[in-house]
Amino acid sequence: MLNPKTIDDASIDQRVYQLNLGPQHPSTHGVMHLLVTLDGEVVLKVEPVIGYSHRGHEKMAENRTYEQFLPNPARMDYLSGMIFNHGYCMAVEKLCGIEVPRRAEYIRVITSELNRIASHFIGAMDYAMGLGAITPFLWGWDDREHILDLLEGITSYGRFGGVRNDITREFYDGTRRFIDRLRGRFWDYENLINQNIIFIKRSQDVGVITKEVALDYGVTGPTLRGSGVGYDVRKREPYSAYPEFTFEIPTREAGDCLARYQVRMAEMEQSLNIIEQALDHLPPGPIRAKVPRFVTPPEGDCYCAFESARGAVGFYIVSDGSRIPYRIKVRAPSFSNLFVLTEICPGHFLADVIAIFGSIDVTVPEIDR
Amino acid sequence: MPTAEPTKPLENIRNSLVQVIPEAELLDRDYQECGYHLEVRLVMRGMRRMAREMKDRRFFLETITAVDFLEYFHLIYLFTTYNEASFRVMARVKLLPEVRPFSVWTIYPEAIWLEREVYDFFGIRFEGHPDLKRIINPDDVDYFPLLKNFGKTKFTTDIDDILC
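Respectively, the protein sequence lines represent chains L and A. If you count the first sequence from 1, you need to add 1252 to reach my numbering. If you count the second sequence from 1, you need to add 41 to reach my numbering.
Just so you know, these hints were derived from the structure itself, not from any lab. Worth double-checking, as some hints may not be accurate.
[As the list claims (entries may be wrong)] Partial selection, computed: residues in chain L whose CB lies under 10 Å from chain A:
no.: 1; residue: G1303
no.: 2; residue: A1343
no.: 3; residue: P1353
no.: 4; residue: M1381
no.: 5; residue: G1384
no.: 6; residue: T1387
no.: 7; residue: R1421
no.: 8; residue: T1462
no.: 9; residue: D1468
no.: 10; residue: G1482
no.: 11; residue: K1487
no.: 12; residue: A1564
no.: 13; residue: G1566
no.: 14; residue: I1619
no.: 15; residue: R1621
For every residue, glycine included, the Cβ atom is placed at its ideal position computed from N, Cα and C.
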């Protein structure tokens, strides 16, 4: 404890100070560093410092073949690995003009949507834990574990032109069981979290992202849809088998942390609908098109956008006509979503920074790539 | 499957871009093949005017990136709308080594980070950027990793080596 006599007038006036939140911090979802400038408890400025888990995926892409790069995209956003894998395959297929069999598209959609639910469980429940509620987090991980078991069972990682393995009877039945189980659980989550006064007080009107700010910062995904903009790549630029399914894009008008949380929960239900429709109408047929062992795209470039659990991802691939990509650029949604913190945090309390950061749900390895 | 056929909004944006940047070359591209509808080839001078126009038309800046072609760079700007009729406009700036590009951060604040990333990986310095420093790589490194003459590229010239 300081002796009050040793504090002179000058240091009493010196109220503004900086706090290092992270890089090792339980609520930063990985190795991330927020440099917060505070006046007492009130945030004046937030500067995210990133790059701690940079692995150079984009440079790696430039010295290996398209096939050898196949495991990498799933390591960028490790929470939506299947979706990234799907997107990368789509980008290369677009570049080469490969037609994918419908059954393969359906399997990809099923795995992507299962992965989206798993990711939203982390996004929403980790957010609740950031606000001090430990039970929803454990419940969420319990449900998530069922998805991971299902995905482990098939490991039908995408390949160019289709998927590697067909889905099995166990996977089919297991997914059906999981859909029934999860539909029954939403009510529990509703009761557990949505009625909780602490949760509401900590989320409502905290960290409001307006439509203008979203446009300035290129915010996408559930973070954007919480601000009342119904932008979803699955609807706006339909890819894969998505146009064949009916589903809605949930939005909330408020733009605060609560709205973003609600959008994630509502999206899980929509993903269940998509999976159910895909299982109902799973077409027979081949699961992989005839593709050479090593693809050689023609000279040119292509941009392939898709919706991950965090927003609009894009693979920009430049080909020089060889079997090795000339350049691969990944548009990471977390990168843009994170930068918006600098705009919305000032004026909030320090504790709210944790809430806002949790509600935006970024994955750090995706930002750093 | 479907998407955004060249619709009326695309015509509108094309017409206004012709007015705002008359020197630019506008190319229609096949969305199914390359994932964007309109490619705008321009020199750096027109970029801010174009960004302003895109902002007024409620486009968001999807990404900024560069491609190193050894003698010159291509700076790539991608714009997309949140609107119902979604389409993508790409601006491609051919950047000779002596030219310094302008920052568009006053129009799109997001560009502060996107341009820092381009600087970090390619060493391209943006004129008028408020805080141009490393973002992902450590502050004290002296290389630009995504330049083609950095490190080992195309580590294997013969694919058959991998097969055996």
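Checked against the structure, which of the hints given earlier come out wrong?
-> 3, 4, 5, 6, 7 and 8
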